[in-house]
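Visitor: Listed below, chain by chain, are the residues.
Number of protein chains: 2
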Amino acid sequence: MKVIHYTDVPAESIEGLPGVTIRWCISDADGVPRFALRVFEVEPGHGSPRHAHWWEHEVYILAGTGVLWTPDGETPLRPGHAVFVPPDAEHQFRNTGDEVLRFICVVPVGI
Amino acid sequence: MKVIHYTDVPAESIEGLPGVTIRWCISDADGVPRFALRVFEVEPGHGSPRHAHWWEHEVYILAGTGVLWTPDGETPLRPGHAVFVPPDAEHQFRNTGDEVLRFICVVPVGI
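Same order as they appear, the protein sequences are chains A and G. The first sequence begins at 1 in our numbering and counts up by one. The second sequence begins at 1 in our numbering and counts up by one.
The hints are simulated quantities; they were obtained by calculation from the structure and are not laboratory data. Here the structure is a predicted model, which means the values were calculated and not measured. Check each hint, because a few of them may be wrong.
Pairs count within a copy or across copies, as identical chains cannot be separated in the list.
To be verified - Straight-line alpha carbon distances no greater than 25 Å define the calculated DMTMM-like cross-link-like pairs of lysine to aspartate or glutamate that follow:
| no. | residue 1 | residue 2 |
| --- | --- | --- |
| 1 | LYS2 | GLU15 |
| 2 | LYS2 | ASP72 |
| 3 | LYS2 | GLU90 |
| 4 | LYS2 | GLU43 |
| 5 | LYS2 | ASP88 |
| 6 | LYS2 | GLU74 |
| 7 | LYS2 | GLU41 |
| 8 | LYS2 | GLU12 |
Working from the sequences, and respecting the hints, build out all of it.
Guide: Below you can see the structure in the form of structure tokens.
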């Protein structure tokens with residue numbers, strides 16, 4: 001059993017991704033069998049690259065505004081939106097607002 | 001790819017659990033390969049029973065206040081808390097505040 005406030009988890013920067021931090025709130029280190037829960041914070045004007053990978057994302061927007069880009073276009077995001085990015089689907093999350101875009105992103109272990 | 005606001009997902013009641021609703025924001029119906037993301041809302045004074053099951057929970061508190069009960073005692077919960085309940089661990093979530101307790105709960109598919 002683990003209870004931790006996300007602000008008590010170190011915000012790690014990500015190589016090649018300025019303006020983006022990740023907090024591994026629940027991860028392999030906790031002995032999770034299947035999936036990990038991370039909190040991302042993206043500064044205004046920043047985002048992830050357009051990319052794809054074998055694992056899915058299940059995302060929930062906590063604060064701020066942004067867009068999800070896919071080859072089909074852009075979808076606006078605000079707090080309360082849940083997003084499923086299937087395995088191998090090209091995608092990009094971008095902060096298009098004036099405040100931090102904060103979201104949960106759940107992924108399988110072993111990525 | 002799926003983007004949906006949690007308020008656009010039907011809030012289903014749960015047999016035997018008055019004061020608790022569940023919204024399956026991302027689930028088997030969306031073709032997820034490994035895990036599902038639900039939003040629970042618990043009215044003041046309500047909660048889940050003390051119970052255990054083969055699957056883990058990964059929880060994130062969105063609103064309200066409550067406690068996580070385990071055989072080791074109670075831990076207070078507020079927005080921003082992440083909770084890992086391992087497989088087979090006895091647990092209970094309870095709303096101890098005056099407002100709705102809202103949280104994300106991620107579980108493996110096939111439960």
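Visitor: Taking the hints in turn, state whether each one holds.
Guide: Evaluation of the provided hints:
1. Taking the closest pair of Cα atoms, LYS2 and GLU15 never come within 25 Å of each other, the shortest separation being 28 Å inside a single copy and 28 Å across copies.
2. In this homomeric assembly, LYS2 and ASP72 come within 25 Å of each other (Cα to Cα) only across copies, at 12 Å, whereas the closest approach inside a single copy is 39 Å.
3. In this homomeric assembly, LYS2 and GLU90 come within 25 Å of each other (Cα to Cα) only across copies, at 13 Å, whereas the closest approach inside a single copy is 33 Å.
4. Taking identical chains as interchangeable, the C-alpha atoms of LYS2 and GLU43 lie at most 25 Å apart only when they sit on different chains, with a minimum of 24 Å there against 28 Å within one chain.
5. Taking the shortest Cα distances, LYS2 and ASP88 sit within 25 Å of each other only across copies (14 Å), while inside one copy they are farther apart (31 Å).
6. For the homomeric pair LYS2 and GLU74, the shortest alpha-carbon distance between copies (12 Å) is at most 25 Å, but the shortest distance inside one copy (36 Å) is not.
7. In this assembly of identical chains, LYS2 and GLU41 lie within 25 Å of each other by CA distance both inside one copy and across copies; the values are 22 Å within and 21 Å between.
8. With identical chains, the CA atoms of LYS2 and GLU12 are at most 25 Å apart within one copy only, with a shortest distance of 20 Å there and 28 Å across copies.
Checked against the numbered hints given earlier, this structure breaks only hint 1.
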